[in-house]
Structure formats: structure tokens, C-alpha cells
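Asker: Sequence:
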Amino acid sequence: ARMGFTVLVPSQRAQASSEGRYVGMGWLERNDLLGWIHAIVAGDEQARILLYGGSMGASTVMMAAGDPRLPRNVVAAVAESGYASARSEFIDAARGMFHLPRFLAAICVDAAGLVCKYRAGYDFADASCVRSLRHTVIPMLFIHGGDDRMVSPRSLDVNYAACSSLDRTRLLVPGAGHMESSATDPKTYWRTYEGFVKRVFGL
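The sequence shown stops at residue 204 when you use the numbering used here, and every number in between is there.
No lab work stands behind these hints, which were simulated from the structure alone. None of the values given here were measured: they were computed from a predicted structure. Check before you lean on any hint, since a few could be wrong.
To be verified - Quick list of the computed label-pair ranges, beta carbon to beta carbon:
| hint | residue 1 | residue 2 | range |
| --- | --- | --- | --- |
| 1 | K188 | S12 | 24 to 32 Å |
| 2 | G97 | P175 | 37 to 45 Å |
| 3 | V116 | T7 | 21 to 29 Å |
| 4 | V116 | T185 | 34 to 42 Å |
| 5 | A113 | K199 | 39 to 47 Å |
| 6 | K199 | A48 | 15 to 23 Å |
Here a beta-carbon is modelled for each residue, glycine too, at the ideal position from N, C-alpha and C.
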């Protein structure tokens, strides 16, 4: 907002006051985000849009950024502390919580994914930022905390490497936990963030 943008901050489905029964790990939510984008464009055909998402919101943004339905009005996107794929995230969580070997954790997660497919309409394997980023052409800024214990900092490199955009930037903030990059090193964070936005928007 301090850079002159009009800001829209919707709550994702099944969270806060939003409707919905099941969380979609970004895969279902990308459709909601695209709906908001199209609503903005319908009201202003000249709108120039920046997407920002943190944590699961980052994954929503990454999946929307690679969607062929994304309007040209979307100029760039920022993804902070986003995972690479829901399946790999759940496998890592199962290994850490239940001390399972990877193959057994994968079996459990895939079984849960089948239940999710039946109940919520999507499989965990569907929610893949990596797959979506391979089709991304808009400028992307990836941010992650170096001490993130919720979403491994490895996701930063995985997502960055998967992104097909010719204009991509990454920032790893040493010592920062999950979604704590701006608080840990505000100078570097905002210099990188604002520098990226000013450059791609020509401000």
C-alpha cells in the first residue's frame, strides 16, 4: 500500500470468514484467486496486478502464476515461504512426526491423498508448485527464511529452479523462521521486495 497499490487481501477458502469446507493446499485456492483477478480486470481493463502470497498463500500464488487462465494484467508475483508440493511437504511431516522411513511415509501420504480425492476433489499430488512454475512466464520473486522449520528452505531452491520465467529472483534470509524474513532482516527484505516491484512495474 505504501508504494501506491490498492490492496485486496481475501481469506482463503475454509479459513477465517471465507466459505468452504476443505483446505485445498493452494490447488483449489488458485481457482479462487483467478476468480478475484478476473473480477478486478472486469472492473478495470487497464489494471496492473501484483500477486503476493505467504506460506500456503505463496503456493496458491505459484500455482496461479503458471495457470494458462492467468490474465496479462498480472505483471509479477511474490511467493514467500511456499512449499514445492503438498505431497512432499506431507511426507516430510510424517517422517518428522512419526519417525517413519521415507517409503512408508510416502505410502501413508498417498493413501491419505486418495481419501482427500474422494472427500475434497483433489489428490495431494495435484498441489504441485513445481509443475505449475514450469509454465510461469511472469517475473517472480521467491523469499524464504533460512531457519524455517515449517517449510524447508530447500523449497526455495526447488521452486526457483522449476520456474521457467526469464525474470526470477530469490532471497534467503539467514536465521529467519517461517514467515519471519521481514522481521529478521527488514532492511534486506524491503530493499529486495521494493526493488523488484519498482523494476517490473517501472515505478
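Asker: Now tell me, hint by hint, if it's right for this structure.
Answerer: Comparing the hints with the structure gives:
1. Range check, K188 to S12: about 30 Å between beta-carbon atoms, so the 24 to 32 Å window is met.
2. At roughly 22 Å, the beta-carbon separation of G97 and P175 lies outside the given 37 to 45 Å, and the hint is violated.
3. Evaluation of the 21 to 29 Å hint for V116 and T7 yields a failure: the beta carbon distance comes to about 41 Å.
4. With their beta carbons about 38 Å apart, V116 and T185 fall inside the hinted range of 34 to 42 Å.
5. Checked against the hint of 39 to 47 Å, the C-beta distance between A113 and K199 comes to roughly 43 Å, which is consistent with it.
6. At roughly 18 Å, the beta-carbon separation of K199 and A48 lies within the given 15 to 23 Å, and the hint holds.
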